[in-house]
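J.: Chains D and H supply the protein sequences, listed in that same order. So for the first sequence, the working numbering puts the first residue at 1; every next one is plus one. So for the second sequence, the working numbering puts the first residue at 1001; every next one is plus one.
It should be emphasised that the hints constitute simulated quantities derived from the structure, not laboratory data. Every residue gets a Cβ at the ideal spot worked out from N, C-alpha and C, and that includes glycine. Warning: the hint list may mix true and false statements.
What the hints assert, rightly or not - Per label pair, the in silico range of CB-to-CB distance:
no., chain 1, residue 1, chain 2, residue 2, range
1, D, Ala-194, H, Arg-1187, 55 to 63 Å
2, H, Asp-1095, D, Arg-57, 35 to 43 Å
3, D, His-171, H, Pro-1167, 54 to 62 Å
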Amino acid sequence: MIAIARTQVEVGGRRLALLRGGAGAEPVLFLHGGVPGLSLYCGGAHLWADYLPLAARQRQVVAPDLPGFGDSAPADAPYGIEAMASTALDLVRALGLGPCHVVGHDEGGLVAIAMALAAPEALRSITVVASPTAAPSGDTVENLTLAHPPGPRWSRAAQEWALARMSRDPHHVDAALLDRCMECAEAPAHRAAAARASAGIALDLAQSVAKAKGQFYTVCRDGAFPVPAQLVWGADDPMTSIEHARVLYGVIAGRQRAAHLHVLNRTGNFPFREDRAAFHQVLAAFHDGLAAG
Amino acid sequence: METMAAAATAPSRTGTAEVPMPEGKWIDVGGIRTRYHEVGRGEPIVFVYGGNFGTADSASSAYTWNLNLAPLATRFRAIAFDKVGQGHTDNPPGDDYTMQAVVDHAGAFIEAMKLPPVHLVGHSRGGFAAMRLALQKQHLVRTLTIVNSGTLMPRVGTNEVVLGKPPFPSYTRECARWVYENYSFDRATVTETWIDAVMETLNLPKYRESVRKMVDERMGLAKFVPNLARDKRETLGWLREGRLQRPAQIVWGFNDRTATVDGGFDLFAMIAAHERRAQIHVVNESGHFPFREHPARFNALLAGFAGRFGEGAAA
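Take the sequences, apply the hints, and build the full model.
T.: Written out as structure tokens, the structure is:
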């Protein structure tokens, strides 16, 4: 097993905590989902932690805690997709990773898309994983999966509930994950975000998501998505449907030749945790296939 | 944008088009002289191409897999054989022009080759044969990959609409080219060497004999089609009942006009209801032949899946 180290870098005068390991050309940058102070679980690099050793067998892997998450510095307000993409691109440049593959979960998937639009030369491909954030919402019915969370917010029980609810199979929500989620909940970055959280901040975020999606759909409609792209979806994701994935795929595939859609059976919103081997198989095949052809 | 996309991908199209086939060999399969091609060492991947005997507009053969055999040989023993009545393999004894004869011959080929359980890949009509073999003789199959199979999908295929009445005479290069171009997203992927291989099959006396049987003697209408319909009802029933017990992936070209991607998703839902180890992969800018239009990424998908569920692999 390749060792994954927890480390820190200064990016744009701000501290970013990272998980990093492996070696080789065409590194892979992993972006977690969630929004600090708004999401019911505390996101960060730790969501990828169990998967990274597998990916690091073939390639260098880097997974940051984005600003406002984990051990990284607090985020500026208002917090949005554009800011996350800008930070992630700064990180790619600071570590000399480009051109790299980017893999983003949920909000992180939309961040990966925004990175591709802003700096296609820095990216080899993007992979959008289980991302209701990036998919067209198309006036679908309200999703009540997370409608009635137990309190208190970000308690161990509340985070466990949210992570399990978002999953097809909750077994990946183990003590190690919850320990780290609790550390993140207590960290200064999250405390600051939690103190600031409000209906207004949530609206700022929604507006930022809408703007990023709007730019993305427009580019795909009037131009072409600039880098190879794949979607990896869970067949049983409580947060989004295969139908959403197929609509999103149609948006990208219209003008990007190297576009794949993969649906993994018996997984929910965390396919890279719920079925690591299946996730790794399709991710490695995509990266290998691009390298070969 | 069209030119940019074409320029970016030009090397993969022209660079892989001339991959030579491994030399053909022969094996006796229960009295049926069977031609096959193999290359590489490791766990066997057996490819089953599409089409059926007795078609005069186009003709499949093992050559269909030429872009896949050699590249996969670095890790696997890659094998493509000619189905009974197709390519160079003998026509079915006793005029058994049925899909079940194809399935039985495929199983007997794997047994005659003394192969351990194989990674079975079936395309189009070959996808139906591969699935039925995996259901009837599970012990011969380690994993199953189904590629753009209108025959297997629980929907209405549109072959006769898209490919009916070609504007060229049967048995001509122009006709074969027209058929494969209409199957494809990018007509440039229909290479002259591919058409050469099709013409080689179409010109075999024994192949002409199969056309005589299927068309002139109406065995297609009298036997092949009704038997296939009966087998399909039974096969889909078996799938719904959860009889498939092998890792299964579906790979589908997104732009196939004959077997639309909706059918791939329907098939996935049927399999995934019972078989945990099920996946579907959609490949963009690909018609009916994703393994020819995007060989590098298709081969990587196949290698990844077979590697993961290979002998001794921890799933």
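J.: Given the range 54 to 62 Å, decide if the beta-carbon distance of His-171 (chain D) to Pro-1167 (chain H) lies inside it.
T.: holds, 58 Å
J.: Please check whether Asp-1095 (chain H) and Arg-57 (chain D) have a Cβ separation lying inside 35 to 43 Å.
T.: violated, 54 Å
J.: Regarding Ala-194 (chain D) and Arg-1187 (chain H), is the given constraint of 55 to 63 Å on their beta-carbon distance met?
T.: holds, 58 Å
Of the numbered hints stated above, the single one contradicted by the structure is hint 2.
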